[in-house]
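Keeping the supplied structure of chain A fixed, place chains B, C, D and E upon it in accordance with the hints.
Chains as they are written, first to last, in the UniProt record's numbering: chain A, 1 to 205; chain B, 1 to 180; chain C, 1 to 604; chain D, 1 to 341; chain E, 1 to 641.
These aren't lab readings, by the way, just hints derived from the structure by calculation.
Just so you know, nobody snuck in bad clues.
Distance condition first, Cα-Cα at most 25 Å in a straight line; then the derived BS3-like pairs of lysine-lysine:
no.	chain 1	residue 1	chain 2	residue 2
1	C	Lys399	C	Lys384
2	E	Lys578	A	Lys6
3	C	Lys590	C	Lys74
4	D	Lys341	C	Lys263
5	C	Lys220	C	Lys128
6	C	Lys263	C	Lys181
7	C	Lys389	C	Lys399
8	C	Lys483	C	Lys384
9	C	Lys483	C	Lys389
10	B	Lys108	C	Lys181
11	B	Lys108	C	Lys128
12	C	Lys250	C	Lys263
13	C	Lys220	C	Lys181
14	C	Lys524	C	Lys483
15	E	Lys631	A	Lys94
Here's a subset of chain A near chain E, in silico, CB distances under 10 Å, partners left out:
no.	residue
16	Pro4
17	Lys6
18	Gly9
19	Asp10
20	Leu24
21	Gly37
22	Phe42
23	Ser46
24	Gln55
25	Pro59
26	Trp128
27	Ala132
28	Tyr133
29	Trp138
30	Glu169
31	Asp175
Predicted, not measured: the structure shown is a model, and the values here were computed from it.
We put the beta carbon where it would ideally sit given N, CA and C, even for glycine.
Given next are the chains, with one letter for each unit.
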Amino acid sequence: MSVPVKFSGDLAELPTHAYGHRSLTWWGVVAFFMIEGAGFAFAIASYFFLMGNEQGWPPSRFEPPSLLAGTLFTIVILLSEIPNTLVKRAAEKKDLRAVHRYMLILLAICLVLGALRAWEFLLLNVWWTDNAYGSIIWALLFLHATHFVTDFGDSVVLAALMFTRHAAESRRYVDVAENAMYWRFVWLTWLPLYVLIYWVPRWAA
Amino acid sequence: MSSRSPNKLARIGLAGAALLALGACDREERDTSRQPKPETISLASSDPRAKEYENSSFHISQGQRYYSWMNCSGCHALAGGGGMGPPLSDDEWRYGGRMEDIVQTILKGRPNGMPAFEGRITEQQAWQLAAFVRSLSAQPRQDVLPGRSDDISNAEPQTLEERRPQQSESNTTLPSAEKD
Amino acid sequence: MRHALVIRSKVALLAFLLLACPGSQAVGQGNGARAPAAASPPDDGQWTMAAKDYASTRFSALGEINRANVSRLKLAFSFDTQNRRGHEAAPLVVGSMMYIITPYPNHVWALDLARGGRLVWVFRPRPKPASQGVACCDVVNRGGTYSNGNIYFATLDGDVFAIRASNGHQVWRTSVADINKGETVTMAPLVAEGKVLVGNSGGEFGVRGWLTALDAASGKLAWRAYSTGPDADVLIGPQFKPFYAMDRGKDLGVKSWPPEAWKTGGGTTWGWISYDPATRTLFQGTGNAGPWNPHQRPGDNKWTSGVFARDIATGQARWFYQSSPHDHFDHDDINESILLDMPVGGRMRQVLVRPGRNGYMYVIDRGTGQVLSADPYGFINSAKGVDLKTGRLIPVEEKVPQEGRVTRNICPAAPGAKDWNPSAFSPRTGLLYVPHLNLCMDMGVIEANYIAGTPYLGAEVKMYAGPGGHRGVLTAWDPVRRKAAWEIREDLPLWSGALATAGDLVFYGTMDGRFKAVDGRTGKLLWQEQLESGIIGQPITYRGPDGRQYVAILSGVGGWAGAIVSGQLDPGDPTSALGFVNAMRDLPGKTKAGGRLYVFALPQ
Amino acid sequence: MRRRLLPLLPLLLVGSACSVDGIQSVGGRDGQGGAAIADLFGIFLVATLLFAAVVAAFLGAAALRRRGRRADGIEDPEGSGTERPLKTGLIVWIAAVAIGLFGLTLASHLTDRSMARALPDPASALRIEIVANQWWWDVRYHFRDPSRDVRTANELHLPAGVPAHVTLKSNDVIHSFWVPNLAGKQDLIPGRITDLMLIPRKTGVYRGQCAEFCGMQHAHMALDVTVEPREAFERWRAHNAAPAVPPTNALTRAGYDYFTTRECSTCHAIAGTPASGQVAPDLTHFASRRSIAAGTLPMSRGHIYAWIADPQGPKPGNAMPYIGLEADELHAVAAYLESLK
Amino acid sequence: MTVLSGKDLPRDGEMLQGVALHARLEATWRREPGFWGWLTTVDHKDVARRYIVTALIFLALGGVLALAMRLQLAKPENALMGPDRYNQIFTMHGTTMMFLFAVPVMEAMSVFLVPLMIGTRAISFPRLNAFSYWVYLSGGLLLWVAFVLNVGPDVGWFAYPPLAGPEYGTGKRADVWAQMVTFTEVAALCISVEIVATILKQRAPGMTLARMPVFVWVSLVVSLMVIFSMPAVTLASGFLLSDRLVGTHFFNPFEHGDALLWQHLFWFFGHPEVYIIFLPGAGFVSEIVATFSRRPVFAYPAVVLAVVAIGLLAFGLWVHHMFATGLPRLGYSFFTAASMAVAIPSGIQIFCWIATMWSGRPRFEVPMLWVVGFIVTFVLGGITGVMLASVPLDLQLHDTYFVVAHFHYVLIGGAVFPLLGAFAYWFPKFTGRMMGDGLGRLSFWITFVGFHLTFAPMHWTGVMGMPRRVYTYPVGMGWDQLNLLSTAGAFVLATGVLLFLVNAAVSIARGRVSGPNPWDAAGLEWATSSPPPPYNFAHIPVVSSASPLWDNRHHLPVMTGLRVDDRELLLTTVMEAKPDLREPSPEPTIWPLVAAAATGGTFVASIFTPWAVVIGAVPVAAALTFWFWPKVAPTPEPVAE
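The shape of chain A in the complex, shown without the other chains (with noise of 0.2 Å):
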């Protein structure tokens, strides 16, 4: 340092990690939130103006994507903020037996709702190349399974983190309660398109 400095305050005592937005993470992931929400705020305006465009939504002779499989995955992500909120509690608690085991649950419903959603595709009744309604059901429903996948790999790893020598590190349950914070993202953002895929069709026509 080139510049005479004075000392004026010590940082030797300061924490070393904090939950929420005290937390650097936190704020990288409220980024990504907002890229995302954007993009989604983006393929949702789509979605209005393509429909305001088309002669009926769906398209004539094209039934609404059934109702099966995507509520189902609803009904599942929505009781999968259960296990998510003892989750981010127990890391919160650093509670290293209820991260394992509601990590695990978590898993397990992600596991039932990746075979919910690849179904939901199938259930769509339309494809993708049948018109601009199919185009845009299908980018919504690929926009959320590609976030949905995501979170899923992160999930994975963070877990086999979290049963490794470095789950003794207290930042590591930073880091879970961050994870859990993007689950509810996740869910969050599924509730409109749910309504954008599965409603607005039977509402519109």
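Quick look at chains B, C, D and E alone, frame taken from chain A:
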């Protein structure tokens, strides 16, 4: 110094990619030249022009326009499913499925209703049309084909099947209509 | 000749009154509608023209097979036509002989009914193979006509033949159509007053439609009436008195088109012609305007998609009514005109009843061309109705096809609420049995290029089942009460004709090969038989040489609707066969190509 | 407007050699829309240059004010006494900019409104349909009686003083219709129908050009516009509604025969002959036009030859193929086309 | 490394300072030696420098393309090149300049300067930062390799469907464009996330929001703009790719898709993009003007508010690119008003900068020359911008050379001039040496004159009706001399820029050694050596005003106590910047490069088959897992709650 090396890396990458992907050039060439290269149609087993036209996205897209302009789609349908004329999207070629056979069919016509376009379109256009016709049955390299046309959706509805795989092209079958 | 006919028709009228009327009164179901006697002579047990009679009733007075015993109907014999394309023809029965005209190459088979349908002779006209390439909707033929010892029929490439019925020797042959322009002939000619009436097909090729009358004896051209162009070509002269103002004016066949467009304007006459001997008037429908893209032909596009009444001797037009001015949807108006005398608004009127392609059941005064009523008999969302003051169809603006943009859910689709396949009328029930379609479509148009001998369409179409999900309907329509008495919904489109008999039965076939007989009063299914191939032909019935009643039908799927099977089209391309394939993707799994005559009778 | 603007031109650093008086010029006042826009342009130019001048003066003064006074110390803004007047200046400046912009927005809005209000009822206007293709203009005049319709290509004739309602469509990609002397531009978008009202005020010849990038030959997609007196337009209309003149001598006869039976007629139409192709420009009165191939070549015998002999030379990528005519065929076809006045 | 217990971990402070501290910090923070270290570095200054150099290479390449275009247009009916080549070239020029030069170079400046300006040791997510560079490089390589192979996009930098769609955009050219967009968007979004987190959480103690340098404000606003606008074009290019590759119908009017959907999405990004490029320029100017006028920028709150206002207004203007599409006329006047309203904050900034000079004692060093050049040029560009905001005028001027002139005035005048000024200004911080003064002044004047010679005539060619994007024009339209003038000007301009680059190259090797604060500037970036050490600051500075070095001329207050044996950062609170946490910063690693390579391979392959996305997901996921997997044993430091 960090600032110089990316430049070097870029140059290495550029050269490497250039070597690897030289094949891209013929696919992309907008060949607006006057006429097909050799002067006459040879009936030899493989006309050198066949590959040239078939592997050119430009020629295929020109052929796609002519397919609509010359009313091919009226008989053979947008994706080659057929109608008044036989389907072009399947593996059955009444008069041979090689490029040069198709060019012959277009130019000279065929007895069961295919009109002769010789004198109505140029030979170059016939080759371009043939390249597009072959693409309907997914014959040329997939990477030169467009995903769809700006038309009514002509993808098979409600199914995820890909276009049927093709049989060997020498498999020429006789016209099925001549049963009497 | 003329005298003979008049006398014969008068005798026929008497005979009909004596025989048929008490019968129908006994049934007690009639509504007062009946075919004019002159056009519908008493039944002689033969079937000499596709429509049975000039009134196009397709009604047989034979009653041996009836509601009580039809369930015992059995195959009498069958005959392989050795042809695997769409068989749309009606067999002819003259005396103890039966004649079948096949699709291209248009062989005529003569069978001896006295000897169990043994082949007597075959006539091979050898039409030009290239004609197959300009046939829009499979290489079909809709039958021939027997008259005066000759069988008259036309080949796909446009040659009209007269051949001796007894031995199959050619009497004359006249070429009327030019396949290089896209003209073909698929219709069954009508022979009346010594004239063979035949029109061209090719509305999808930008041909100029016409109806030609040939001298039945010599094959010489008597007259030709075009459907577009100057009045002189259309045979519009001083006799022409259209009912509606929109059809009055000089040279409307030119003035209602952009310059030159009338030369490629369509208006082909490929359907049914009816004839009223009492007024010596023929009724001829004209086909769609070309190209399909309506934006390329602003104007009313006279005289396409309408019906002409013409003097049979000279061809001079008497009146014209246009059901689809400036046709948007390929709605030809070539469907059958059934001549009826029936009460309308309390008094008997001489009318034509026409199940139109646009979905309206027209009742038109035979004498004036006035539309007395037009009621929807199928689902229509492309029009709001017919304005009886002006005679104009009232289109729905948002269903007009757009350039470069698909218009969705247009009902009825391009083949209409009903295509060529003819209805039958039974005076006993007073009902018109209409085999028709329930199809809708997505349609967008693009600029069509005109190259002679190639399609001139400019349309991209995908069809699919209409509301309800069924694709075919048999409607029993009461023309007097102007509503359906009953209807039968069929999964597949109905592409076969109907037959009504005095046994109060209605026969028709389905595209998956079921030949059915239903109760003409209730629509109850009484009998059905699974045939080898789908049925798109016209059932007939006749009294055999042994005096028994027989019912005959050609099976052999094809035509526009069945081209997916007969032409082995690719179901993966929904726009195949002008978009019909999209609605028929299941057909290859339900039937296969074939060509066979089936004749049924009650067991002895 | 030209005169009013002249003193300001040097400010745009462009020599006086240039003038806005061209056949394809934004400054043109030859149509009602064009004139209103030219006026508005003048207002904007004056107002904005005024502001620019204020900024320039301020900048110049600021730069020169304390020039040469070297000082290493840091200026204390509060102490210097300039802060307060500058803050007042800032407020004044913001107000001035805001008022100026409001004025300009208002001017723009009013011009837009008045242009919209001045538009006559489309039903009473001359009805023209223009379809853009890669890379030419298909022009159709529609009349109540469709048999009077006129079809031409790459040229537009308009009667002076008569509003023309132009319906715009595209057959392939997005194009933009722009005849600056007459009006602003309007895009042609596939799947949509747009429209534009042209109200030419002065007779003359103008040029329009596609203004949205549309592919390889975007540069060669021009449109010749002729605004003429009403009677002259009527003559033109009547002439163009008539079929083409039949060939008169052996040479043009040979050209006619080739044209109507061979490749040419697959795409081109000539009214009154069997040639009825719809996918290329209508050539019925080809030789009466000012240019060939959408403004690529001026109309002349030599250019007709050159164009037919090798269409890919002057306009590579366009849809007209090289046919390879023999010399006598070329001669005949060119002579025939030249006879299509 | 010795494992120590929590209490006596080595930290800076009274016990550890001076040379010993530097050695400890150097050992902890320096990158690994050799080529491996070059590949694995996560130092924001390394990454920023290579970003800048790469962007300058793209600037040069884009400039060569511009010269090629000007040569072709030098005379009417020129046969130098055909339409196919020309269309590729103008598309490449626009794409390169917008996506590969302007946005990345501005972001790179933020990556370099922001951590220094706010007094922190590293950027927030340094591995993401490294990753973003490699992704950006892959995108640039993809585009240029494709161009060399005649697969260069030829559909304009805006790639309007249907021209760029599957039917008319023949071959892979438009796919290359769309995928290149994906690359650069990913890179830009990563950087924005880092910048936002860095600015909000890592500011030096005492640097409240109101004490942040204007450039930091600009970086924050720009990053947020990137975050909210770029997803639009990412989505749009995804739609375009899926239309082209798997047959969706987003832009197919026949199946009720719409070409205008693309334009809405593209311009919702495209217009903010212009301000994303321009605002950093305004940030540079604010810093330079203050330093050389010897006073803090006049009316700092007004300048900051103006920056924020521009950032907000930028999202309300996109329709003014679409006035000619025939949208409902009613909405247009709103967009006219919004477009014009941008002139108000821009006007405020201009006034404040001039006022700063007015009330200060301006010294016209090279960076200041660029600022003056900027103000003159930008005001002229602003004037034409106001004209283009008017619907009736836009309908005439849209897509003519007038617009070409306008946006080059705004982008070169408004962004490149300040950027070159910023290079000259921060050159000592990048390299440790001063940039040559004489050559610097010469290059400014040549560039300035060349610029106006090139682009001023274009106003006139545009008004005379010359449309954009034409590869040639006919004789006799009156455009000939003006075009020739522009071509001549282009070569002058190129000479000027070349001189600038030569000056930079020479100065790197032989420039005067500068010392930490050669301009006697006020910002924290000048409180450390030039170039700064890997750890930026030995002690964390404490700030009590907006001009810390001017207000603490003798002793800069600092805080101590961060570990020196581990990469440790100080996190402060969002608003007040009070010390809050110590968090570790990641070590160098190869995995961002591997992940970028895997991502790049996936993107490129997906042009050819959609299955590439599925297959490529595996290596990408693997690389990311290794990236995030902790490599070292947990820190023994006890948890302090």
